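With chain A held as given, fit chain B onto it using these hints.
Going down the list, the protein sequences come from chains A and B. Under this note's numbering, the first residue of the first sequence carries the number 1, and numbering increases by one thereafter. Under this note's numbering, the first residue of the second sequence carries the number 1, and numbering increases by one thereafter.
Zero decoy hints are in this set.
Sample of chain B residues facing chain A (criterion: CB under 10 angstroms; computed from the structure):
1. 174
2. 185
3. 276
What follows is a list of derived Cβ distance ranges for each label pair:
4. B/148 with A/19: 50 to 60 angstroms
5. A/22 with B/7: 48 to 58 angstroms
6. B/288 with A/129: 56 to 66 angstroms
Hints in this document: simulated from the structure, not taken from any laboratory. In this text the structure is predicted, and so the values were computed from the model without any measurement. Beta carbons are placed, not taken as given, at the ideal position from N, Cα and C, and that holds for glycine.
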Amino acid sequence: MSQMSTRTKQPVGAPTSATNTESGRIGDSPLRPDGTLKVTGEFAYASDLWMDDMIWGVTLRSPHPHARIRSIDIGPALATPGVYAVLTADDIPGRNAVGLEFDDQPALATGVVRYQGEPVALVAADHPEIARQAAKKVVVDYELLPVVSDSRAALEPDSPKVHDGGNLVRHLKIRKGDQSVKAPVVVSTDFEVGMQDQAFLGPESGLAVPAEDGGVDLYVATQWLHVDQKQICNVLGLPPEKVRLTLAGVGGAFGGREDLSMHVHACLLAMHTGKPVKMVYNREESFFGHVHRHPARMRFEYGAQPDGRLVYGKAEIIFDGGAYASSTAAVVGNGGTLGMGPYVFPSVTVDCYGVYTNNPPCGAMRGFGCVQAAFAHESLMDELADAVGASRIGVRELNGMTEGAENITGQVIDSAAPVAELIRKVAELPLPPADTGSDLRSMPGGVANTTHGEGVRRGVGYAVTYKNIGFSEGFDDYSTARVRLEVVNHEPVATVHTAAAEVGQGLITIEQQIARTELGVQRVVVHPKDTSVGSGGSTSASRQTYVTGGAVKAACEAVRRTVLARAARTLGAEDLVLDGGKVVSRSGEVLADLVDVLGEVPVEETVEWRHRPTEAIDPETGQGNAHVQYAFSAHRAVVDVDVELGLVKVVALDTAQDVGRALNPAAVIGQIQGGSAQGMGLALMEEIIVSDGHIRNPSFTDYLIPTILDMPPMQIEVLEYADPHAPYGVRGVGEPPTISSGPAVAAAIRQATGLPLRRVPIRPEHIAGLVE
Amino acid sequence: MDFLRPTSWAEALEAKAAHPGAVPIAGGTDVMVELNFDRHRPEALLDLNQVTELQQWAEDGTRIRLGAGVTYTRIIEELGDPLPGLAMASRTVGSPQIRNRGTVAGNLGAASPAGDAHPPLLATGAEIRVASTRGTRTLRAEDFYTGVKRNALEPDELIEAVVLEKAKGPQQFAKIGTRNAMVISVAAFAIALDPEAGTVGTGIGSAAPTPRRARDAETFLAGELAAHGLWETRGAIPDSLTREFGERVRRAASPIDDVRGTAAYRLHSLAVMARRTLGWAWADLQNDQRKAS
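Okay, chain A solo, but in the shape it has when bound (with noise of 0.2 angstroms):
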């Protein structure tokens, strides 16, 4: 905290220390510090921020997907008055290289340009209106060059290459069991899920201001502020005492915040001008400024005995990374180890690859490789099930994970695998009646009045996933938490203090609750997430409440153990609690107030906590204990679809989910409802349209998300199936319901048009019989 007295001034809209005072322990569901801010306008987003001395910034990006840069020339841009600052790759003082995993992006474009929307030079003006038009006076001399747009087509020997060391960014080899097993019963599919964009609603957004002492401070809207600072640090040539970043408002993120997008412009502007620079992406710019769902093409093989029982399954997955790497390597991971599905296969082959080619990047976007697979390998079970005579659900039941059972990279998986249970439970939820009635807005088409019930039929689709919680592969995945207790005003005051971002999920309550439950003290103040506490790890992977809560609680368990022990040497007693505030013998007796013994010295402690370690798998059999937890959810949804027009109306989405244990049980269905609905999305209408490396529909209005009237109402059963290794049994929640409730929309679709629909999201078109 003292690192932060070198700031010279705060902006309005930098995040202040959440304080409020409502109760609240683990398993309880308090009020959300930001929830009245944010539902009555009042929460300062990124995009707020404001020092009345800051100019603006804006970004001047390549028209082009692919082509050389012969010259630059910013004389008339920097000769418009108002502009402060026309900055390119040549004055950029570090490495002009960032990215997540490999540094193979530069900050600024050099040579050439990869893909549509790829930075190439940045302008600073007192108004973003003149340092738009400035922009527009850059002159860049482009030489096209050959487009990659196919995924395939780019591991071709012969295709042009989108970086020196060709186009293969990671190809993932799983070989279990016998590689020569036959099976009386072959199903097989292909399958293609287009490119699904996270959609957050507030825009890239930050401010940097130049600090006295030579460094940048950096509010920002982000996921993993430690890897950004590590990113800005190189490209700007400074130690990280030198670049400090605190979060600002953010207005979800969803994967697509965790790669850098004005981060380090704003920065490298405001070094060069001394003056603080905002930035704040329109919504068009959105669309080029983050990274993307990978867009994957899959070919999957099942073979099992007649009664359904699973004897073997092939894949093979390319996702399309688009023009740089961003997290393509472990997406590849993620969709290779876990793209099966919760299914236990006696002998295994999969091919997994990632690509560049000069479409947008693609990273990290909720389901990070699990939801593409999931298409394919939830389709190929109804298909299986179908061939065999089964039930769809019965399948399930057969080859469903259990406890115990060994995955397909033959890792044990040693927590609850409810598998059987999940597909039962949903199974067994009421159906909503047949007859939905005679409004509009229960129809397919809704209001738009395209049928009162002609051409609809009725489907029912299942769908049972499984996810990794966590960063996985032998990554040190860690996070550090910072906890005080002193006495403010005659009252015990805890704070804790983390970099783990807060980007809408609720983890500041979470914290808040943990620190309660530990210390037994009411008034927990959660400190700005900034970079002067350690590492938080990413707001990903499901693994803020496991990690980042493992790490708030050891810390809590340090800070009681040194209140304990000094309050055990002053009232010579052993084995005590805190609770309410009271220093509290095993027995319950008060044996102190817990003000008296903090007295004027608090205590603090820093832990880094880490999960259990995970391993590499081996590159050529994929075997390995890859991951530290799996999440397991089924969906079932219903739906009425008109089959000549090829709308759909979603009547149902329900669905059980095991979560360890919910913290917040509030927070928990909350994030079962909205991943419900942005799996729903994928299904139904969100595709970034990409044709030639070109993005065609970078708008809201044509890149389509549910509204209120597409996600239907839904059951939730939420299962607490602790899990032994993790802080008091908690198991990632946010990404499962992404990947379940997709193939499970899917499902219905082809149950109730009888068309086989090897691709989403699924458009009118494909329903209605219009495309091959």
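Positioned in the frame of chain A, the structure of chain B alone reads:
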């Protein structure tokens, strides 16, 4: 950019005459999107919100005179009975917030082939009253749309009102979107039946460079209904006739492939919407007769 704020219609016309490049703005639901995306940079905006007379509608004998500033919400709430087709189309415009601000005249000014109000205006033979300091003229809706996002307004003219006949028979509207609300039309169709005159009106949206009527389908259907005496008997329309009507509506369109849908799907959906809306409109007519008897 100048921002002109006339407080009367006369002032508005003078402002437009003085600044022919000024873009009129009422709800701003379309104009502001274009400005925010930097697609247009007009020399001036002409804010019509102070011109209160534009925000009125009035009955004029058998007709409704709809001021240019009347919002979709008011059409839905106040004019559902006399203008059912337009009210149905209004219900499909954007979100409640957009319907609270947007106007039919805004749709006409933008002249996008996807504007939701156009098909019912065409189907009901609406007239557009436009004015300038030079005077006032009246255009038929079908003559108003001249190209993709182009209309028949002269640079100094403003839309004053839309004049529509009160419904003389059943009207229907249907619109395809790829989600169940807040969506731009992939294809749309409106039908209006006038049993007294024995005429059929149609309007097609999002399936040609401009909104357009399916004239051949109109004439064909009206003629067949007359030939079978169905206008009088209001008996069931043969399936073959409904299908042929759908086919003729389909043939009237000339859509393109774009991100919202394929040309093939647009044609297919028009035929389906034409059949279905005709069925609903005819059922309404049959119900009216049953009620009357």
